[in-house]
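Novice: Chains as they are written, first to last, in my numbering: chain L, 475 to 641; chain G, 247 to 1062.
The set of hints was computed from the structure by calculation and includes no laboratory data.
Possibly wrong hints are sitting among the right ones.
As the list claims (entries may be wrong) - Covered by chain G, per the in silico footprint, the following chain L stretches (three or more residues, Cβ under 8 Å):
| id | segment |
| --- | --- |
| 1 | 508-514 |
| 2 | 518-524 |
| 3 | 610-623 |
Unchecked claim - Derived contacts from chain G toward chain L, CB cut-off under 8 Å, selection only:
| id | residue |
| --- | --- |
| 4 | P278 |
| 5 | G283 |
| 6 | D290 |
| 7 | V293 |
| 8 | P294 |
| 9 | M296 |
| 10 | E455 |
| 11 | W761 |
| 12 | S945 |
| 13 | S986 |
| 14 | M988 |
| 15 | E992 |
| 16 | K994 |
| 17 | G996 |
| 18 | H997 |
| 19 | P1001 |
Unchecked claim - Computed cross-link-like contacts, DSSO-like style, restricted to lysine-lysine with a CA-CA straight-line distance of at most 30 Å:
| id | chain 1 | residue 1 | chain 2 | residue 2 |
| --- | --- | --- | --- | --- |
| 20 | G | K266 | G | K994 |
| 21 | G | K279 | L | K630 |
| 22 | L | K556 | G | K994 |
Where is the CB? At the ideal position from N, CA and C, for every residue including glycine.
So you can see what is in the structure, the chains are spelled out below.
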Amino acid sequence: MDRHDVTLTVNGRTSTVSVEPRKLLVDVLREDLGLTGTHVGCEHGVCGTCTVLRDGESIRSCTTFAVQVDGAEIRTVEGLAKGAELHPLQDEFWDKQGLQCGYCTPGMLMRACEIIEGNPDVTHDQVREGIASNLCRCTGYQFITEAVCAAAARMKADSAETTGAQA
Amino acid sequence: MTTMDRPDAPPVRTHKENRKWVGQSIRRVEDPKFLRGRGGYIGDMTVPGMLHAAVLRSPHAHARITGIDAAEALAAPGVHAVITGAQAAQLCDPLPDFGPDPAKHTWRCLAVDKVRYVGEGVAVVVADSRYLAEDALALIDVEYEPLPAVVDPERALADGAPLVHDDLGSNCAYERTFDFGDVERDFAEADVIVTDRLRWHRSGGQPLETVGALADFDHATGELTVHTNSLSFTSYLFMVAGTMKIPANKLDIRPVPAGGSFGSKLFATKPAVIAGMCSREVGHPVQYLEDRVDNISNCDHHGSDRVYDVRLAMMRDGTIRGIDIDTVEDYGAYIQFGVGHHGNALAQVVGPYAMTSVRYRVRAAMTNKNQQGAYRGFGSEVNNWMLEQMVDKAARELDLDPVAIRRQNFIREFPHFIPTGNVYDSGDYDGVLDKALELSDYKHWRAEQAKAREEGRCIGIGLITAQERSVFSATEFWFWFDEPGAPVTSMPESVTLKVDATGGITATLYSCAFWGNSPETMVAQLVAEEFDCDPHDVAIVYQGSKNGLPATGPGGSRTTVMLAGAVEGATAKIKAKALRAAAHLLEANPDDMEWVDGGFQVKGVPEQRKSLADIAVMLHLFKHSFPEDMESGLEDSKVFDHPYTTMPSADRKDLGVFYPFMGHACHVPVVEVDLETGSVSFLAYAAVHDCGTLVNPRSLAGHIVGGTAQGIGTALYEEFVYDDDGQLLTSSYLDYLIPSAMEVPELKIGHHETPSPYTLHGIKGGGEGGRMMAPAAINVAVNDALAHLGVRVTELPITPDRLRAAIRAAKSRESG
Ligand code: FES
Ligand code: FES
Chain L
475 MDRHDVTLTV
485 NGRTSTVSVE
495 PRKLLVDVLR
505 EDLGLTGTHV
515 GCEHGVCGTC
525 TVLRDGESIR
535 SCTTFAVQVD
545 GAEIRTVEGL
555 AKGAELHPLQ
565 DEFWDKQGLQ
575 CGYCTPGMLM
585 RACEIIEGNP
595 DVTHDQVREG
605 IASNLCRCTG
615 YQFITEAVCA
625 AAARMKADSA
635 ETTGAQA
Chain G
247 MTTMDRPDAP
257 PVRTHKENRK
267 WVGQSIRRVE
277 DPKFLRGRGG
287 YIGDMTVPGM
297 LHAAVLRSPH
307 AHARITGIDA
317 AEALAAPGVH
327 AVITGAQAAQ
337 LCDPLPDFGP
347 DPAKHTWRCL
357 AVDKVRYVGE
367 GVAVVVADSR
377 YLAEDALALI
387 DVEYEPLPAV
397 VDPERALADG
407 APLVHDDLGS
417 NCAYERTFDF
427 GDVERDFAEA
437 DVIVTDRLRW
447 HRSGGQPLET
457 VGALADFDHA
467 TGELTVHTNS
477 LSFTSYLFMV
487 AGTMKIPANK
497 LDIRPVPAGG
507 SFGSKLFATK
517 PAVIAGMCSR
527 EVGHPVQYLE
537 DRVDNISNCD
547 HHGSDRVYDV
557 RLAMMRDGTI
567 RGIDIDTVED
577 YGAYIQFGVG
587 HHGNALAQVV
597 GPYAMTSVRY
607 RVRAAMTNKN
617 QQGAYRGFGS
627 EVNNWMLEQM
637 VDKAARELDL
647 DPVAIRRQNF
657 IREFPHFIPT
667 GNVYDSGDYD
677 GVLDKALELS
687 DYKHWRAEQA
697 KAREEGRCIG
707 IGLITAQERS
717 VFSATEFWFW
727 FDEPGAPVTS
737 MPESVTLKVD
747 ATGGITATLY
757 SCAFWGNSPE
767 TMVAQLVAEE
777 FDCDPHDVAI
787 VYQGSKNGLP
797 ATGPGGSRTT
807 VMLAGAVEGA
817 TAKIKAKALR
827 AAAHLLEANP
837 DDMEWVDGGF
847 QVKGVPEQRK
857 SLADIAVMLH
867 LFKHSFPEDM
877 ESGLEDSKVF
887 DHPYTTMPSA
897 DRKDLGVFYP
907 FMGHACHVPV
917 VEVDLETGSV
927 SFLAYAAVHD
937 CGTLVNPRSL
947 AGHIVGGTAQ
957 GIGTALYEEF
967 VYDDDGQLLT
977 SSYLDYLIPS
987 AMEVPELKIG
997 HHETPSPYTL
1007 HGIKGGGEGG
1017 RMMAPAAINV
1027 AVNDALAHLG
1037 VRVTELPITP
1047 DRLRAAIRAA
1057 KSRESG
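Okay, chain L solo, but in the shape it has when bound (with noise of 0.2 Å):
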């Protein structure tokens, strides 16, 4: 079969690999580049533990070649913490027990990214509407809501400093 090489910058560092054009993006990431915490587990679009984020936006890293987004710059869960430093969302995940088997977490965890980066004002029925995309079979939800509540107000409030600071 034939290979195409695709460049694609993840987490900030980019990188080319050749790919047969059937290689999904999930495969590339963790087979290719070694990052394994993309996750599948259902592999046919349904369950969202293999979401990650493309441009900003999630998307299904199943159902998704790799040379469908060529070029693209995508964020997965091993670019959230920064060092020895927990972005607030995996902190409060792991205060609230938002977690229990880990296994839909990276997924869950770039889907609360989307949601709060794109609405740092989301209540807490937006956020359970907004992580309805994504399956966890362990928590029941009550807790990742909690999670995913806590880090958006303390992400506002962290923002709110900085640019206070700022000005």
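Following the hints, position chain G with the ligands against chain L.
Specialist: Okay, now just chain G with the ligands, sitting in the frame of chain L:
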């Protein structure tokens, strides 16, 4: 009415007061790696030279395999091997099987001459990548001769049904009736006998991560190493060595974190055997991961699938005297765990109610479906549902209040032996009920219901009270059989604690793999409680089966109680040595010393003190400072066995104690039913659980909410649907509907703590959580919403189709 003398219960314990770490909702110690995407699940593992396997699955429910041509597949790019079912049967023996007659319902890793359900494996391809392996699957040519399929369990038991296993000579794999207590008298003396026919269709755990294994057979040593997310039963893994035809001491099964199990990864040996067989054949490490279709159609862990005919012997005043249960269970094409699911139900068959007799008849039907395994509750949650529907129906028929009838029948004295012989160690069912009535705002919702009804809206309240047994003993699997008369089987759990030279503590776990539960957090909190350290400073190691201490692994909400017993035992040994060492160093009498805040000191003389780190460094590096018989190091293990299990009587009129630590809960969902669409939505949901002393309340709350979400799936949405020809109509998540955040309401959660008298700190298990109760509660709520219309739903899941049909039937009854 027992025909045996009951052995003494274990001594009643005095529980530690002022606990520092047990009871705190600390952040789980497992979580950081998962939050960072570094979970290390089985699919994340690669090793040099690793190949990938994919399995070809039967499109037929029942067919003879008349030929397989794999030549083209074998010649395809990147393919290393193709192994057919017939070849696999030469390479491996049947899979470990606890069923009634394994020689007559033989279960193998791939089908040999006949397929028995859609999705059964017929051949496996090993290739350089999963893509290439799947390409090659399409090139395998299998000739089938289709046979008539049987999918309805009752039809399967009728004369003339197609036989799933010819050797069995019937589709009834097992049948037995037990009588406990004086059933005849209770039914003869009853004022009213409430009867019903109930149907629970199959759903399953469906963790978002499927089952997988990475196997590496070393021809130099003859050793097989398997990494898998399906590990449990370390003590029983010699059976997998048997299947692989290798000595048990040449097998090492190592746990990796699982992305959820809910029972469905319990002793899931097939993927490990397939990967092991392939690795031995091709001489490379081989990874085999189920995809979602593999898992839905062939996980060997579909949940219960039952038909019930039940009679409840009632007095007019609401007293429940006895219950007569006749159940047919659809086990599918194989029966690896026997009828253990019914043994499980018998542990708490009477619920929280003080009835005096039970008749239990079970027939296990073989059909052309994927087989049954474990799903959170292991058959007890189905019993909870059945019993609560019956009590609810009794309340209606006798015109009694649904809360009052339950309260009236509560067991109030403990320990209490139920008619089957199992014991309920402790409980406070009134306390839980009172809390639930308050938390749920029960009175308010009854008023709202009345108001809504005037507006033509159908609101229902589903109060149920039910049990969650914890810490199983294996007798539930074998008391069904009179032969061989085995003694009580051990179900141990082990922990090794090592104090290093700096005083740091490492705990080694055996077989208690991470499944989304919190074994590391539990052990860390328990160790911290014993040693006065920070739980986040305790390191945790998982040991593989090779060289592992005896261990059984998670299941039946046993992990925390068993790990607590092991931690306590290992701690006692370590502290005994540390005390002796400290006394020696201080030239004090050990009897004059006490453990205070992380070290030993002379009573009343705090300056005469050695911290654990002081003692550890001496024991590690300066052994010669101590008496001759003291060895270097500070490390010990405890193999902790089931704390309370007794033999069944020979006549099986008393099954003994096999599930003694009895949790309890009251769930109160409030639903609204849309008569036009048949949809059910939640207006409120309250749940109060009592599973003894809590180690980490927020973790338990997680099990309550998560289990309830699964229970909502079971009650309203999830079903593995097979059509009349045995075709699986729900082989993807487009059709098998798992509740999303929009289907699961916010829960109000209450905890009640009635300690067990027999376990460390009074802990009971609670891991099966809300799924034990939610299906029962939601069914009661829906029936409550529709009672005034004469509608009573007796079949789960309550899909819109089923609900609309029930409403239409009631309407036509009314007009007819
Ligand atoms: S794995 Fe991509 S949506 Fe389920
Ligand atoms: S934490 Fe297990 S699936 Fe969400």
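Novice: Now tell me, hint by hint, if it's right for this structure.
Specialist: Hint by hint, here is what the structure shows:
1. Three residues within the 8 Å Cβ limit are the bar, and the segment 508-514 of chain L against chain G gives 6, so the coverage statement holds.
2. Only when three residues or more bring their CB closer than 8 Å to a CB of chain G does the claim for the segment 518-524 of chain L stand; here the count is 4, and the claim holds.
3. Counting residues of the segment 610-623 of chain L whose CB falls under 8 Å from any CB of chain G gives 10; the rule of at least 3 is met.
4. Here the hint on G:P278 is kept, as its CB sits about 7 Å from the closest CB of chain L, short of 8 Å.
5. About 2 Å separates the beta-carbon of G:G283 from the nearest beta-carbon of chain L, less than 8 Å, and the hint is met.
6. Checking G:D290 against chain L: minimum C-beta separation of about 4 Å stays under 8 Å; hint holds.
7. A hinted interface residue such as G:V293 counts as satisfied when its beta carbon comes closer than 8 Å to some beta carbon of chain L; here the least separation is about 14 Å, so the hint is violated.
8. Contact between G:P294 and chain L, as hinted, is not supported at the beta carbon level, the nearest pair being about 14 Å apart and thus beyond 8 Å.
9. Restraint check, G:M296 versus chain L: the minimum CB separation of about 11 Å is more than 8 Å; hint violated.
10. Contact between G:E455 and chain L, as hinted, is supported at the beta carbon level, the nearest pair being about 5 Å apart and thus within 8 Å.
11. With its C-beta approaching chain L no nearer than about 7 Å, G:W761 sits inside the 8 Å limit, and its interface hint holds.
12. With a least beta-carbon distance of about 6 Å to chain L, the hint placing G:S945 at the interface is held under the 8 Å criterion.
13. Look at G:S986: its Cβ gets to within about 4 Å of chain L, closer than 8 Å, so that hint holds up.
14. Restraint check, G:M988 versus chain L: the minimum CB separation of about 4 Å is within 8 Å; hint holds.
15. With 8 Å as the threshold, the beta carbon of G:E992 comes within range of chain L, its nearest partner Cβ sitting at about 6 Å, so the hint holds.
16. Below 8 Å, beta-carbon pairs count as interface contacts, and G:K994 has none with chain L, the closest being about 10 Å; its hint is therefore violated.
17. Taking 8 Å as the C-beta cut-off, the interface hint given for G:G996 is violated, the closest approach to chain L being about 14 Å.
18. Nearest Cβ of chain L to the Cβ of G:H997: about 15 Å, over the 8 Å cut. The hint is violated.
19. A distance limit of 8 Å between C-beta atoms decides the matter here; for G:P1001 the minimum to chain L is near 23 Å, and the interface restraint is violated.
20. Between G:K266 and G:K994 the alpha-carbon distance is near 26 Å, which keeps this suggested pair within the 30 Å criterion.
21. Distance restraint check for G:K279 and L:K630: the Cα-Cα separation of roughly 26 Å lies within the 30 Å cut-off, and the hinted pair is therefore satisfied.
22. At roughly 35 Å between alpha-carbon atoms, L:K556 and G:K994 are farther apart than 30 Å, so this suggested pair is violated.
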